[in-house]
Amino acid sequence: MSRYHLTATSRALYRVFVASTPATPTPFRLQTPFLLPYAARLLPQTTVRHKTYKKDVQRHSLSDHFTFDNAIEGTYIDYVDDNGVFRPNARLKDVLRSFDRTTHHLVMITPGTLDEFGNSNPDDLPVCKVVSKMDLSAQLEKKLEIERRAAKGKGVGPDAKILELNWAIAGGDLKHRLEKLRGFLKEGRKVEVVIGPKRKSRVATEKECQELLREVRDAVDEVRGAREKKEPEGVIGAVMTLVFEGRNLDEPEEKKEKVKGEGKKKRKEREEMKAERRRKAAEEDRRNQLKEANDAAAKIGEAKLA
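Read in UniProt numbering, the sequence shown has 94 at position 94, and its numbers run on one by one without any break.
Rather than coming from a laboratory, the hints here were simulated on the basis of the structure. It cannot be assumed that every hint is accurate.
[To be verified] DSS-like mimics (lysine-lysine), calculated; alpha carbons at most 25 Å apart, straight line:
1. K175 / K230
2. K190 / K175
3. K291 / K268
4. K230 / K180
5. K142 / K230
6. K93 / K129
7. K180 / K229
8. K291 / K207
9. K198 / K180
10. K207 / K230
11. K180 / K161
12. K186 / K230
13. K175 / K142
14. K129 / K200
15. K200 / K175
16. K274 / K207
17. K175 / K129
18. K93 / K180
19. K142 / K207
Let the sequences and hints guide you as you build the complete structure.
What follows is the structure in structure tokens.
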């Protein structure tokens, strides 16, 4: 039966209990802070910050910082082998076959010059050195550490200097080089003095080599606070490397080492070392003179017998 055929009472009941539908509840929505009531705005608002860290992931290859092995240009080179022996005018291909390339590299120290055909200039050959891969990696790590400290604004100290001499160096040239050495040490730099033979030059005697070492060390002793950092490497008459370290005399007083206040004991030790070197040089001179006298006497005796 349709609702339109019901009585008035039934129709009224139908409208109350059947036709009427309850109102759909409005879903709760989050409101933005500026629309919330005053009490709600008093609640703490939490903000999440995301902090990122940048890590140095750049790969550093040895070939990016050193020139070695097949990357060396030229046909002939001067090089120092893994025993510290200087070998001039050597064929590059032969040198690369003369050492174990699984453990060592032939590293170019000083580049030479090439002609228009790519051949080495015999008067200016590249200078190379056989270095173990472990030592070369350590050198790279030290170099990168200095660069990282410089990028962060931390002090890395003055740059190191390399001073090259030859055993038969002329007096005027030596005086100029020693003046540069003293200047570097006064600036607080580390200086590597590399002494070796020079091509197309006369060979220095053992006496001249000892005298050169004495003059270099005497020049270092004249600089207050300078010292020889480690034992020399190499062979007298071949290639020898001496490492010295100075102190910056222009630094603020609080940063200076306490060399000014060194006691009499330290100064006495320095003077004794200096005197000992001079004594050894004098003994060497006497031995050489005695040897020359004996050789001359022997030649005279041979001449008389003849």
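Going through the hints against the structure:
As the CA atoms of K175 and K230 are separated by approximately 24 Å, the hinted pair is consistent with the 25 Å bound. Our distance criterion of 25 Å between C-alpha atoms is met by K190 and K175, whose separation comes to about 20 Å. The hinted pair formed by K291 and K268 fails the criterion: a straight-line CA distance of about 34 Å is larger than 25 Å. About 21 Å separates the Cα atoms of K230 and K180, which keeps this hinted pair within 25 Å; it holds.
Taken as a hint, the K142 and K230 pair is honoured in the structure, with Cα atoms around 18 Å apart against an allowance of 25 Å. Distance restraint check for K93 and K129: the Cα-Cα separation of roughly 14 Å lies within the 25 Å cut-off, and the hinted pair is therefore satisfied. Using a Cα cut-off of 25 Å, the hinted pair K180 and K229 holds, with the two alpha carbons roughly 18 Å apart. Straight-line distance between C-alpha atoms of K291 and K207 comes to about 12 Å, which keeps the hinted pair within the 25 Å bound.
This hinted pair checks out: K198 and K180 have alpha carbons roughly 20 Å apart, not beyond 25 Å. Restraint check: the Cα-Cα separation between K207 and K230 comes to about 23 Å, which is no more than 25 Å; the hinted pair holds. For the hint pairing K180 with K161, the CA-to-CA distance comes to about 10 Å; that is within 25 Å, so the pair holds. A distance of roughly 19 Å separates the Cα atoms of K186 and K230; the hinted pair therefore holds under the 25 Å criterion.
Taking the CA atoms of K175 and K142, the gap is about 33 Å. The hint is violated against a cut of 25 Å. Among the hinted pairs, K129 with K200 is consistent with the structure: their alpha-carbon atoms are about 21 Å apart, no more than 25 Å. The straight-line distance between the Cα atoms of K200 and K175 is roughly 22 Å, inside the 25 Å bound, and the hint therefore holds. Using a Cα cut-off of 25 Å, the hinted pair K274 and K207 holds, with the two alpha carbons roughly 18 Å apart.
Distance check on the hinted pair: K175 and K129 sit about 28 Å apart at the alpha-carbon level, beyond 25 Å; violated. Among the hinted pairs, K93 with K180 is inconsistent with the structure: their alpha-carbon atoms are about 37 Å apart, more than 25 Å. For the given pair, K142 sits about 38 Å from K207 by alpha-carbon distance, which is inconsistent with the 25 Å threshold.
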